[in-house]
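Peer 1: What follows is the residue order along each chain.
Number of protein chains: 4
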Amino acid sequence: MIKAGIIGATGYAGGELVRLLTQHKEVEIKWYGSRSYIDKKYASVYGNMFEIVEDTCLDDNMEELAKQVDVIFTATPQGFCASVMNDEILDQVKIVDLSADYRIKDVSVYEKWYGIEHKSPQYIEEAVYGLCEINREDVKKARLVANPGCYTTCSILTAYPLVKEGLIDTATLIVDAKSGTSGAGRGAKLPNLYCEVNENIKAYGVASHRHTPEIEEQLGYAAGKEIMINFTPHLVPMNRGILVTEYATLTRKPDGSLPTYEEIKAVYDKYYKDEKFVRVLEKDVLPETKWVEGSNYVDVNFKIDERTGRIIMMGALDNVVKGAAGQAVQNMNLMFGLKESEGLELVPMFP
Amino acid sequence: MIKAGIIGATGYAGGELVRLLTQHKEVEIKWYGSRSYIDKKYASVYGNMFEIVEDTCLDDNMEELAKQVDVIFTATPQGFCASVMNDEILDQVKIVDLSADYRIKDVSVYEKWYGIEHKSPQYIEEAVYGLCEINREDVKKARLVANPGCYTTCSILTAYPLVKEGLIDTATLIVDAKSGTSGAGRGAKLPNLYCEVNENIKAYGVASHRHTPEIEEQLGYAAGKEIMINFTPHLVPMNRGILVTEYATLTRKPDGSLPTYEEIKAVYDKYYKDEKFVRVLEKDVLPETKWVEGSNYVDVNFKIDERTGRIIMMGALDNVVKGAAGQAVQNMNLMFGLKESEGLELVPMFP
Amino acid sequence: MIKAGIIGATGYAGGELVRLLTQHKEVEIKWYGSRSYIDKKYASVYGNMFEIVEDTCLDDNMEELAKQVDVIFTATPQGFCASVMNDEILDQVKIVDLSADYRIKDVSVYEKWYGIEHKSPQYIEEAVYGLCEINREDVKKARLVANPGCYTTCSILTAYPLVKEGLIDTATLIVDAKSGTSGAGRGAKLPNLYCEVNENIKAYGVASHRHTPEIEEQLGYAAGKEIMINFTPHLVPMNRGILVTEYATLTRKPDGSLPTYEEIKAVYDKYYKDEKFVRVLEKDVLPETKWVEGSNYVDVNFKIDERTGRIIMMGALDNVVKGAAGQAVQNMNLMFGLKESEGLELVPMFP
Amino acid sequence: MIKAGIIGATGYAGGELVRLLTQHKEVEIKWYGSRSYIDKKYASVYGNMFEIVEDTCLDDNMEELAKQVDVIFTATPQGFCASVMNDEILDQVKIVDLSADYRIKDVSVYEKWYGIEHKSPQYIEEAVYGLCEINREDVKKARLVANPGCYTTCSILTAYPLVKEGLIDTATLIVDAKSGTSGAGRGAKLPNLYCEVNENIKAYGVASHRHTPEIEEQLGYAAGKEIMINFTPHLVPMNRGILVTEYATLTRKPDGSLPTYEEIKAVYDKYYKDEKFVRVLEKDVLPETKWVEGSNYVDVNFKIDERTGRIIMMGALDNVVKGAAGQAVQNMNLMFGLKESEGLELVPMFP
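Residue numbers (the numbering used here), protein chains in the order written: chain A, 143 to 493; chain B, 143 to 493; chain C, 143 to 493; chain D, 143 to 493.
Check the hints yourself; a few may be wrong.
No distinction is drawn between identical chains; accordingly, a pair holds when it is met within one copy or between any pair of copies.
[Stated by the list, open to error] Pairs of lysine-lysine, DSBU-like flavour, derived with a Cα cap of 35 Å:
#1 Lys415 to Lys145
#2 Lys395 to Lys418
#3 Lys481 to Lys145
#4 Lys172 to Lys481
#5 Lys407 to Lys254
Calculated from the structure, these hints are not laboratory results.
Please model the entire structure based on the sequences and the hints provided.
Peer 2: What follows is the structure, given as structure tokens:
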């Protein structure tokens, strides 16, 4: 059995890690770290865990934890993981960091968008960006994985094959994203109150959201050049789920014609037909967040607009699963040589 | 592997059976019956099942189905199962009927409350009322199980220990129940439209809901006498979940005093401490439907009101799981000698 | 024009007062009191008021305010209004207090249920309980009105005619109430976060909610004797609306028969047929909170259960309007000799 | 008093017309047309109208209706209004058509996108496109007004000033729209059931939605040239509200620099500062649908992305009010020489 520790076990992503790992055959959780609830029973924080988890919350002592477990998940605010990381920890234990600390390779970009100083930039290079479908082989060898952001995972996987194959003009790429409210975390803040979110939709972080450079960097690798996009997140009155709607101008063929549906479909299939967790939907079936709820799937599809020459790509995932905890477990499975889908073969729940 | 067939596989309860059985190690579904969607791919009806279920919907031919499978689940409108049942079927296959057809022992009560003629009353006596926590041993030997209603399961299990032990005056029992909208089924009816349900709560079926006689019959067995209750269901703007709030006057001790918290708690524990799927919550923790969502749990607790001499009992379950498909699988497990919780060890999902 | 001041203008009840008074022909708001937002534009706190309200929030200085306005609404936490009240204020200005400070005549009951010391018990007797339909004449003469609680208004008006006429056994009265989340206020507390409330229902304050003694006191006056009830509130995932479902044993006639539908209906009509804001629904039409949303109406109806001899009474209102701000304006209209429905003839909004 | 008739009074837009006209001082509704509910009391269809509307639903006999009223609102399926229109009707009565029948000037475009034959193309030219803020003077003189679509109103008003002034490259314009579920109408269809919409978001009508040519035509007039856009609607789990997020590349100045915030703001103010129902929000305040709920406001704002050279424009309105019934009343007010905001000074409701 792999022994796991979670720092930040009482946030929504941490709670989902507990849900997933509790049902994972090869893992036992040895440490429920939560600075806010030290010494309180975990099940008193998350009533769903009553009679399932008997443990009590512990402090977020990474050094001590590193001695006791095989893998640590850090589901913590930006900056925490970077501030406590050191060689001793990395020598003892594998790390899956759900924060943004090691996602962006250019530390100046990180520091600019996050507005904080990075405390351990020396580990950024070694950290593997844990988007399993793209970086699978690197993840297998990693001791430090930067688990991608929720918007990022959805935005990248939806466009990746077309960017990689040069089928769209990346200078025209626009990502309009919609997220359920769990993405805002469990902090008691006025804008996240029920009555403020319910019966409401709004954009936020327009032209300034921190997932922007992460998307740009990763899609830039695929494109083989720097790219800049517009990314606009919206808050939707639902608990879980992210839907992205992406717009880009298609690269025309030498004769000026657009690629056909079948040609685009073939490209998606080339990258995803063997990917268990990416489902390319059938023609004219559009992704819905409800169809992936509670599961590790990303559903993608696209529509070509002959009139404007653009393609509209759509992707849906559960932000707490494939957008956070599920992907973290998928990374862990790879790092420990387990079956990649172990503990993640959850059938989406409907309704 | 147990071969299973589902009649009514495209309703919400049928869909949940598919979700549960797909994740059940000992079962394979051989027949997705759905009169409305014959020859359509099951995954085109329920997008969550894309790349998980490849089958196509079939007709509801029970006789043919009985030859092909070991167990049939009928998630069909009232009257259907009774209308097709015969000895030949029962000789070949085990039946778990999710409709009300065999739940009520007195056929005249059934015909009065449901307003239809019962077409095979000869099987009512043999049918076992499949509330596993109460009729476990009978279920094991049954070939025909009447799977309890959603409201009924919640209402009965919440009050059962106190009724059984004579701790409440059953003549005072009132059940005020609140249900998510999936309980209303997937029929395209105006009152179930999003805009009619959302931001709204109402009572319905007041003093006339069909689950009333079912609760009365089963609690009557526990009490050892006929009982009559008030049962009022309400429609709540959420997908899943039933909460019942039950009121009854406590039986006072010879000295006129009320039973204490500890005494009542001991009675709940007597019946439920070894029941995996019934969780008696800790003192002052009140059941919330969200804490059982997606799982087979029923959470119960109570509060004594010293002022009025009443006890307020509360219970919560997921109407689609423990209130329908989960309980059906639990019954199947018992009927086939499997571990009772096989395929049902789903951790509730939060948020 | 009546000059009005609001203390607590940035809570949900305060915000609704602003919405109503802004549309009231005879009133102008001169003071938007909000300790949390002093010097901030009111419309920056409530975006709906942009270009409608240009004022800036002020402190909660009652003494100063009393000199500037004709009426003060206090939509403040329990204890505030009592702590600042004095003769000078009451000599200058009329007060509608939306808190509980002057609702309960027996100060020891108040102090026990609210757990705070009452700082100005000398004004309790003079304060008029502002349930306009019952205390209309007293309200007209009052200078200090205790505006009833949201649950209380709904619970009392639903049962009042039958209690007053002795048609139910008040010892059997049980009130099961369901409320939207705005009733929990705008404080940034974890249990009120979107993801905690959404897709969830729970009871709270079981056998201990503070509106219990208020209901008991007022219905006790109607009954002409002390009464004790069970009152159980529930939190429902919607913004606005309260539904109460009340159970009581009907008083049988000398011949042992139950009153008929027509007899009960006649009693409701006796009290409410001239009441603009109480709508006794037609037979078999059950109240829904959505049908009163945004308006000052209370919809009530009932169902007799011949089997159990009980009556099930139901009532619905908008907790922010008739349950708070609307009733406060109704009281103000009475106190100033205006048409009682002035500014309150809002048609409920659907959907 | 203006006598009004409504055809299609029991749809959501029709219901909202009733709500608005009931509160309009200069109008009385004489005809509640609803083919589905003929001879049923209107208040039995919409419980909110109990004791407010006493009338009974009538047939949709336009010829008869034209004799009895001064203005007819047709809130009917596409094709109906065109199929019954004739000179006699237009000579007797003013028409505000809430369907799309007279919105698109090029009948071939209408017939292509709507897939039906237009039965009275001879009236298309005379019909005035009733976007009051743009066509005010023409509306005043019209006898037939084509009331704009909900998505259209929001999409056009959000971009109009910049298109008109040539500040954006219209070839790059993309409109990503999100709508509450009332926009889907009150028909009993499976995709609009509560459990299908709740906790879900999806795109629909991608590259094919019928409001596309309407937006293109109107913005084309502003641009002085034909334009083609991408328009993608999404279904959001809420009752009311549309939010549009629009992307376009800004026209750079001769020196290659982008227009400043102040310059763009000045253009919005030029067109909207005297418009009561269009609110240009303060810098960095982003539109939220909740802030306009129940009112006739459109809230707009924008953000310049210096990195990509694009502007992100946002607009929010209540689809049932400014997107349908409210705009229809605004048009009626203009047509009859009333104050434009008569009956529409409704303060948005929060929460």
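Peer 1: Against each hint, give a clear statement of whether it holds in the structure.
Peer 2: Tested hints:
| no. | hint | in the structure |
| --- | --- | --- |
| 1 | Lys415 to Lys145 | both (33 Å within a copy, 29 Å between copies) |
| 2 | Lys395 to Lys418 | within (31 Å within a copy, 50 Å between copies) |
| 3 | Lys481 to Lys145 | both (17 Å within a copy, 27 Å between copies) |
| 4 | Lys172 to Lys481 | both (22 Å within a copy, 27 Å between copies) |
| 5 | Lys407 to Lys254 | between (38 Å within a copy, 28 Å between copies) |
Violation of the numbered hints given earlier is absent; every hint is satisfied by the structure.
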